[in-house]
Amino acid sequence: MKITPEELSAKRARTAHLRAEIRSLQAEDVATRREREMVVEAAALDAEIEALEIKVVDAAKASGGTVEDAKAAMQRAADIEKMMLPAPEEESGGVEKTDDDDEGGVPTKFVEAPDEDDEEVPAESVPTEAIEPAAPAFGPGAVRPDLNDTEEGSR
Amino acid sequence: MLTATEEVFPNNAASLVYERMKTIDSDIVVVQRALRDSDGQQAIGVFPMTWTPDETSYELPAVPSTFAAGEPTIQRYVIGIQAMVLDSDEQRGIAIHSILAKHVRTLLYRDNPLAVGLQTLQVQMYGSTERIQKRGILVQRFLNNEVGNVFMFLSSCEYYLETETV
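Residue numbers (the numbering used here), protein chains in the order written: chain L, 6 to 160; chain F, 120 to 285.
In short, the hints are calculated from the structure, not lab data.
Bear in mind the structure is a predicted one, so any value in this text is a computation, not a measurement.
Yeah, the Cβ is synthetic: ideal placement off N, Cα and C, and Gly gets one too.
Among the clues, some could well be false.
Stated by the list, open to error - 20 angstroms max Cα-Cα, derived SDA-like pairs, lysine to any residue:
1. L:K76 with L:K87
2. F:K141 with F:Q252
3. L:K87 with F:A123
4. L:K76 with F:N131
5. L:K76 with F:A123
To be verified - Where chain L lies over chain F, by a calculated footprint (3+ residues, C-beta under 8 angstroms):
6. 232–238
7. 253–260
Model the full assembly from the supplied sequences, consistent with the hints where possible.
Structure follows, in structure tokens:
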């Protein structure tokens, strides 16, 4: 099976959206059939993504397994990871703080998650530009906490 | 004469860990050996530490194979990862070093490119092929010292790689 980064990207985006929706439902404390379906779908997508990542490794193994091959595979994995990171949390909906919160009240204003991905989206129709990549955990462009920025101040 | 071009465990794996450690922060000095106190204010050293055979994986004498009797097919390598912070302020040094030590552990566990790279490695030697099957952290020890009004904080992480030879 031919795998393109765009296909993986679409699957990751769908998984991220499902998880955001599940979190929203959990915030409402309502266990629905839809929530259970989404949990199953997200788990299936996770398994699929893992299987596709294994294929990337297998392709590298076939090339000889030297340090240079492994470094090339690491670079490909880093590039794929950068491309596939889900959209930032704030776009996923959730509970918004209201004026009452400052007085110790329970936050009541619920923000709906964007519904443009509510229906199943074929992988081919998801443009990669539409998926806002978050900063990678490691590597170039990673947002790292400043090691020198402690409570004591910077050097 | 032996040359440095032949790749074997654990040096090949240590090279990949070294490459990924460089991505933690561009200002951190990363070397592929044990650290010296002259390596910089923030430094990481990656180097092989131990090899241990798995006693449950010894080959039987009667089985004809590429292995000798009593030779293990499962082996465990430990790679040491030292992280060091030098600071003139003790509290600040402790704080910075704890962050750096956490970065090292998190990278070893979560970094996908490292996982892909390590799974890619294989060594073919004497008619058999060796590949990594398991990996994880055994321990991370913390040390500190003071030399000439400079506080030194060092953590030494033991990262194991279990390989299988077939």
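Outcome of the hint check:
{"no.": "1", "hint": "L:K76 with L:K87", "verdict": "holds (16 angstroms)"}
{"no.": "2", "hint": "F:K141 with F:Q252", "verdict": "violated (24 angstroms)"}
{"no.": "3", "hint": "L:K87 with F:A123", "verdict": "violated (33 angstroms)"}
{"no.": "4", "hint": "L:K76 with F:N131", "verdict": "holds (10 angstroms)"}
{"no.": "5", "hint": "L:K76 with F:A123", "verdict": "holds (18 angstroms)"}
{"no.": "6", "hint": "232–238", "verdict": "holds (count 7)"}
{"no.": "7", "hint": "253–260", "verdict": "violated (count 0)"}
Of the numbered hints stated above, those contradicted by the structure are hints 2, 3 and 7, listed in ascending order.
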